[in-house]
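K.L.:
Chain by chain, the residues run as shown.
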Amino acid sequence: MPFDKIQKKLSILADAAKYDVSCSSSGGKRNNTKKGLGNNTGFGICHSYTEDGRCVSLLKILLTNHCIYDCAYCVTRKSNDIKRAAFKIQEVVDLTINFYRRNYIEGLFLSSGIFKNSDFTMERLIAVAKKLRLEENFNGYIHLKSIPGASNELMREAGLYADRLSVNIEIPTKSGLKLLAPDKKHEDFIKPMEKVKNEIIQYKKESKIIKNTPKYAPAGQSTQMIIGATGESDRDIMYSATYYYKKFNMRRVYYSGYIPVLEDNRLPALGTEVPILRENRLYQTDWLLRFYGFSVNEILNDSHKNLDLDIDPKLSWALRNLDLFPIDINRADKRMLARIPGIGMQSVSKILQARTFRKLDWTHLKAIGIALNRAQYFITCNSRNFHKSDLTPYQLKSKILKTSTSKYQKFFNQQLSLFS
Amino acid sequence: MNPQTILVYDGSFDGFLCCIFMTYDEKITTPIIRKEYESNNQLFTISEKVVTEKNKAHRVWKGFKLKTTYHEQQNFFKVFLSEIKGVENTLLNYTRIIFSRTTNTTTDFSTKDILTISQVAKMVGREKHRMEAFVRFQLTSDTIYTATIEPDFNVLPLIMPHFKDRYADQKWIIYDIKRGYGIYYNLKTVEIVDINFFSRKKSKIPSELLSHTEKEFQNLWNIYYSNVTIPSRKNNKLHKQHLPKRYWKYLTEKNNIV
Ligand code: SF4
Chain A
221 MPFDKIQKKL SILADAAKYD VSCSSSGGKR NNTKKGLGNN TGFGICHSYT
271 EDGRCVSLLK ILLTNHCIYD CAYCVTRKSN DIKRAAFKIQ EVVDLTINFY
321 RRNYIEGLFL SSGIFKNSDF TMERLIAVAK KLRLEENFNG YIHLKSIPGA
371 SNELMREAGL YADRLSVNIE IPTKSGLKLL APDKKHEDFI KPMEKVKNEI
421 IQYKKESKII KNTPKYAPAG QSTQMIIGAT GESDRDIMYS ATYYYKKFNM
471 RRVYYSGYIP VLEDNRLPAL GTEVPILREN RLYQTDWLLR FYGFSVNEIL
521 NDSHKNLDLD IDPKLSWALR NLDLFPIDIN RADKRMLARI PGIGMQSVSK
571 ILQARTFRKL DWTHLKAIGI ALNRAQYFIT CNSRNFHKSD LTPYQLKSKI
621 LKTSTSKYQK FFNQQLSLFS
Chain B
8 MNPQTILVYD GSFDGFLCCI FMTYDEKITT PIIRKEYESN NQLFTISEKV
58 VTEKNKAHRV WKGFKLKTTY HEQQNFFKVF LSEIKGVENT LLNYTRIIFS
108 RTTNTTTDFS TKDILTISQV AKMVGREKHR MEAFVRFQLT SDTIYTATIE
158 PDFNVLPLIM PHFKDRYADQ KWIIYDIKRG YGIYYNLKTV EIVDINFFSR
208 KKSKIPSELL SHTEKEFQNL WNIYYSNVTI PSRKNNKLHK QHLPKRYWKY
258 LTEKNNIV
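If you read the sequences in order, they're chains A and B.
Adding 220 to a residue's 1-based position in the first sequence gives its number in this note's numbering.
Adding 7 to a residue's 1-based position in the second sequence gives its number in this note's numbering.
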């Protein structure tokens, strides 16, 4: 390996790939059966953390940052004056294997700028994955980017070697896309998603009947949206997300606060603060939709278009629905327990277990690990002492805010100061 | 004064199970269980040495298994490996609860001992996961991928299966500097090894023993690591919360050799 050349390429092509926030390496179960390299148990591992606190789990790089397109929000865009580089297929294979053997990574996340055309690019991404699986006997995690516009045949092949496939929709609304990526078509994104979805359904059907049906993208597909580039509301974003979850059986939708990388009058100016807090609230909402049984219009709707920044979306929902509270901890069903502010899903199952032994009071709830500073206003338990809820939502909110110091307080102050 | 019985055992898991056996066999109600290499400064005690016998240990474990779920057995072993001083007594109390209970269906989290067990098990479990993540192998010139670690708890027995399944086609050693032993996979089985070469003062692998391209790959990894940070999102507090400083010593990316 010509190490000095590889070093240069790596620094360029890792740098260009870092704006993709997905680092998940979970869900792709591959057992090490033939004494090969790697055993994927389906649970991802973060091997390190970046200085911005994100998980490093995969070798996340571009095959090349040459690109024929000119998407305004992207560092790699054609008109941007930056250093360009391209890996050879074998170089990516060697890097992956050598990093994996040293326990640096769970696998590879390979994306690419589009050179020549979609299929030409997609073919090369597949070639890397194929080599890893067939020649190196590699069972680690592989995430390939589906290149917008790639043919159905190639998308079929990609899923045979990759654990996960993703197309980043990037701009949550069609009008935004038209503005920022004029030469890209909405259909080009949808086409590979549709194909991957259908292949996964097909695989699930066949594998029930035929035992050795080759695996197809066992970790499913995901997508990413940039937040805060085009002035869309949280409602727009979460309705889009819900659409992609439902329509394409997405495993995950990622939200990435826009990081200004270049000057462009269609976009927020350089130096604009990354909306980290907003991004976090969106993830919380996503979580509530996927695991807590909320539906999107309960949290965001015409009269509530954006999430509150100062409180989390569950608390915000509860304050808007005070008539449903207080809830009796010893009686309420699972669905209602999950809706109490300050109570997570783990606590819900602990409550359900513990209350089969005795009626729970405040001490029990504390021992279980419930955030009582928030929950106390919304529940009753086996104690005569509980909060009589004669406060207005506004009073209640300020009371709760006083007792809890959000770890995001700092960001919140920063963002507020922008508007003052 | 009623002198207290101290049961001294060899520190092994089997040895500890034999202590439990003895408390039932000889009806000892409130013993103190201690490893033989832990110091003793209590007056008015009777010390009894417990001999480790496989079949006795086996009987206790069999009985324990009948009354517990797989998860509880795992937790029990994890708590033992925490090596927290006096942990044997917590475990003994716990076994008594287990042996006296009639059902094994649900866990009552409001009982104190059970809560302690599940909390300590969680801590040990976290350390296990950390080690599975933070082990950094270096290829030596005799083609063994070698790593040294200093985990908070004795987690080598817990991480062994993970590494054996994952790195089935390469020889590797993970060496616990703190406890002075390691595990070595020879492409067939995993064995316990003592390497005199390592000590608390000599905890790192000297460069002259490394394969000639090892430093190049470490260098590439460091380049990768320094390129994935997004400066405008820097958050040191979060960084250190995920990656506590005490683990940095053995992390390639935190020992920039370039
Ligand atoms: S096609 Fe992809 S890589 Fe190329 S400019 Fe657009 S977003 Fe960037």
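Hints are computed from structural coordinates only; laboratory data are not their basis.
Any given hint could turn out to be false.
Said to hold, decoys possible - 25 Å max Cα-Cα, derived BS3-like pairs, lysine-lysine:
no.	chain 1	residue 1	chain 2	residue 2
1	A	622	B	244
2	A	249	B	171
3	A	228	B	178
4	B	244	A	351
5	B	178	A	249
6	B	195	A	255
7	A	336	A	298
8	B	195	A	249
9	A	435	B	171
K.L.:
All hints are to be evaluated individually against the structure, with a verdict given for each.
P.N.:
Hints, verified against the model:
1. A:622 <-> B:244: holds (23 Å)
2. A:249 <-> B:171: The given pair, whose Cα atoms are some 17 Å apart, holds under the 25 Å limit.
3. A:228 <-> B:178: Violated. Residue 228 (chain A) to residue 178 (chain B) sits at ~31 Å, over the 25 Å cutoff.
4. B:244 <-> A:351: violated (40 Å)
5. B:178 <-> A:249: Distance of about 24 Å is within 25 Å: holds.
6. B:195 <-> A:255: Within the cut-off at roughly 10 Å; holds.
7. A:336 <-> A:298: Holds: residue 336 (chain A) and residue 298 (chain A) sit about 12 Å apart, inside 25 Å.
8. B:195 <-> A:249: Measuring from Cα to Cα gives roughly 23 Å; hence the hint holds.
9. A:435 <-> B:171: holds (24 Å)
Going down the numbered hints, you'll see the structure goes against 3 and 4, while the others check out.
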